[in-house]
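Asker: With the hints as extra help, turn the sequences into a complete structure.
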Amino acid sequence: MREGSKHVRWARRTATVGGAALSALVLGQLALTGPVAAVPGLSIKTTTGPSNSNAKTQNAVCPTGTKVIGGGGAISGSGLGQVGMDIMRPLIGGDAYSVTGREDENGVGGNWAVTANAICATPPAGLVMVSGSSTPSFGTSNWFEKPCPAGKHAIGVGGAVVGASNSEVVLEDLRIHKNSVVVAGAEDGTGFADTWWLDATAICADPLPGEQRVINDSAYSSAATRSITATCPPGTRVHGVGGEILGGDGQVRLTQMRATTSTVVTVSAAEDENGFSSNWKVRAYAVCAN
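When the count follows this note's numbering, it moves up by one through the sequence shown with no breaks and lands on 314 for the last residue.
Everything labelled a hint here was simulated from the structure, so no lab data went into it. Source: prediction; values computed, not measured. Be aware that one or more of the hints could be misleading.
Stated by the list, open to error - Pairs of lysine to aspartate or glutamate, DMTMM-like flavour, derived with a Cα cap of 20 Å:
| hint | residue 1 | residue 2 |
| --- | --- | --- |
| 1 | Lys69 | Glu129 |
| 2 | Lys202 | Glu169 |
| 3 | Lys80 | Glu127 |
| 4 | Lys202 | Asp230 |
| 5 | Lys69 | Glu127 |
| 6 | Lys80 | Asp223 |
Answerer: Structure representation (structure tokens):
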């Protein structure tokens, strides 16, 4: 069943232009209602597929007895700003995190590869995945929020842009709030004539021990590429990953959004082949816990 969505350009993009960049902002330790023990079996599984110019999907599979609690991916190789990670989400059942890469309508001359990254753990208390979809729209940009069930926190996010046969609609944002996730997309610089919509998946659980959210922004400029990291405080590790592009207007694509170490989330993006004259930046989200 489709759920409600918003079809206008985001006010938050305008607001961020004049605001000061967030810098390693730790959003407070949350009140704990779950177990006080650390989440057991925590591991990061990473797999990279073949390098060629075909659309491709890569799955990072969790070890037996564990489930996906977060994840992300990366694109490496040629034409980074022309290859979109259009689908990044856990598979049904929570045994793997899946990333799909596709070229834009102009294609890429060289080869590129998809990396999938799964954060796995023995299922924490209350673990559940909930999904929803926005209403199909002709809008140039759109966003969709999926809340967690009452009393649970969002620890992981998945999203997809649906409707185009290639990367003509850019998956820009996969944000993790305390009790919900937000997925956003925008048509690329040449537009898209048909309807499209967003799928969002929230990985939710009872509050984790020592749970904190760390957010960090890159510089705000018109550079061709940007990258930023969010680092968990001492004594905590990455449990969930999120990222977003601010100000890209569909002409900037995510090239990396994943846990690059057990304590660091890295988010990177690149302008498309035509470049982009306006300023933009990327934001990294790390859900950290004991």
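Asker: Can you give the numbers of the hints that this structure goes against, from lowest to highest?
Answerer: 1 and 5
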